[in-house]
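Visitor: If you want the building blocks of each chain, they are given just below.
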Amino acid sequence: MERKTKINAEDGKQDLLITREFDLPLELLFKAYEEPEIVAQWMNTKVLKLENKKHGSWQFETSDAHGNVVMRANGTIHAFVPNQKIIRTFEMENAPDSATRFPVQLEFLEFESLADNRSKLSMQIVYRSVADRNRMLQLPFAQGINMAHNRLQDVVNNLK
Amino acid sequence: MNLRRDVFQAIADPTRRAILLLVTSHAMTAGAIAANFDTARPTVSRHLQILTECELLKQEQTGREIYYHLNGQKMKEIADFIEPFRNLWDDRFNKLEAIMKNYTQKKEERE
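Residue numbers (the working numbering), protein chains in the order written: chain Z, 1 to 160; chain H, 161 to 271.
For reference, chain H alone in the conformation it holds in the complex (with noise of 0.2 Å):
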């Protein structure tokens, strides 16, 4: 449980959500991405590691080099976090509306 929870909060850091969109397009060093911020080195190094503990980016070595990439799987994972909300109250509604043409129909058999 700990571990889905440490995804959400890896997101919510602007720091390291540019990160994530960084990597998007192809994999890079931890050098080349950090080339992109002003924070120092270490603290990018600290991101990284986060990102990576929590599975949203995947190590490649080639060479002497570390590649970080996104993990597609984990970042549909949190895309779709909303949806069993979204589902529980699609489901709700669904039956009160089924619920509810029922009712007219009652009425109108009735009447």
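Isolated chain Z (complex conformation) (with noise of 0.2 Å):
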């Protein structure tokens, strides 16, 4: 299946640019982003907190499925305006090692309306170095290998 999410790293920048076109007028778009109950069902986490004004905060809760926490964030929302923008701090909370912790991130979500009931989400995300960037690019694909000698484990612990 084709992938519609375009991501801009630039190399030797510190931010990175997230472009996605959706099959959704803008204001049901940007509701996906306003109402707590449908963000946590595509981001699945539960949501602890959105209060979505200026100098307003946010907290999500992500459990697996044995219901033990894995992931906390948090963050400051800073711009807030209905079918327009967003602009958040982006904080994860009690990471278990170094190479998942990552010092708070800037986002600024920009959000606009194309023809025909489309419309377009734009996300620049900036970090605090350009090492912390690749690094969190690396994140996914660092998890994909540890699975993958995970179930080598199992296979190897299975043999036994």
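Treat the hints as calculated values from the structure; they're not laboratory data.
Treat each hint with caution, since some may be false.
[Stated by the list, open to error] As a list, the in silico DSSO-like pairs of lysine-lysine whose alpha-carbon atoms are at most 27 Å apart:
| # | chain 1 | residue 1 | chain 2 | residue 2 |
| --- | --- | --- | --- | --- |
| 1 | H | K261 | Z | K120 |
| 2 | Z | K49 | H | K234 |
| 3 | Z | K6 | H | K218 |
| 4 | Z | K4 | Z | K54 |
| 5 | H | K261 | Z | K31 |
| 6 | Z | K31 | Z | K13 |
| 7 | H | K255 | Z | K85 |
| 8 | Z | K49 | H | K255 |
[What the hints assert, rightly or not] Here are some chain H residues pointing at chain Z (derived, C-beta under 10 Å):
| # | residue |
| --- | --- |
| 9 | A172 |
| 10 | M235 |
| 11 | F241 |
| 12 | I242 |
| 13 | P244 |
| 14 | N247 |
| 15 | L248 |
| 16 | W249 |
| 17 | D251 |
| 18 | R252 |
| 19 | N254 |
| 20 | M260 |
As the structure is a prediction and not an experimental result, all values here were calculated from the model.
Glycine included, C-beta positions come from ideal geometry on N, C-alpha and C.
Take the two lone chains and join them into the complex the hints point to.
Guide: Rendered as structure tokens:
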């Protein structure tokens, strides 16, 4: 299947740009960011707090299938203009080790309407350093490799 | 884990990237590679060692000469490293789109 999400990460820069066009009218796309119950569904997380206003804050908590909390994240909302933009910070809490620990990041989300009930989201994420950005990009890659290793370990254990 | 991080450190260096570009077209000896740079020969040797250790380059003995050539498989791995991150977001956004399409339908049914 064709991937619709585009990621632009320029060499030597500490930000990245994620863009995506949706088969949705602008209002519905924005609602997916506004309503806590909907955010919880597509982000696959529990929304503890989501204050959609300037100086507001948010907090998410993600658990695994056994109910153990695997990730908690929080941030402050700097701008919230319905159907236009959200400016907020993002910080992961209680990361288990230095490889998954990241300084707070700044996110600029812009929503725009395209023709025929289509809309577009542009998300610029600014990291503290180039190294932090590259590490974040590599995280799912590294986790993928870890998972492959774990699967291999399972297979080996079963042979014993 | 350390080995893999080295791959990204390896390609972060401009000289090492230039070496990788050089051997893209054909395998070369250390001497032939060094001839393309103003840096001292031991410096180039060190770069070659790092690239070989993280498997971006492979050594091949032909007669008395050792030729360096590109390990295409490893290069592809690096080219693909951003893909899991993109897929993560793409999956999330696909879900968002599906939920909101359903949301419209439900709303229309109520009205």
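Visitor: Against the structure, test the hints numbered earlier, and report the numbers of the ones violated in rising order.
Guide: 2, 3, 4, 6 and 10
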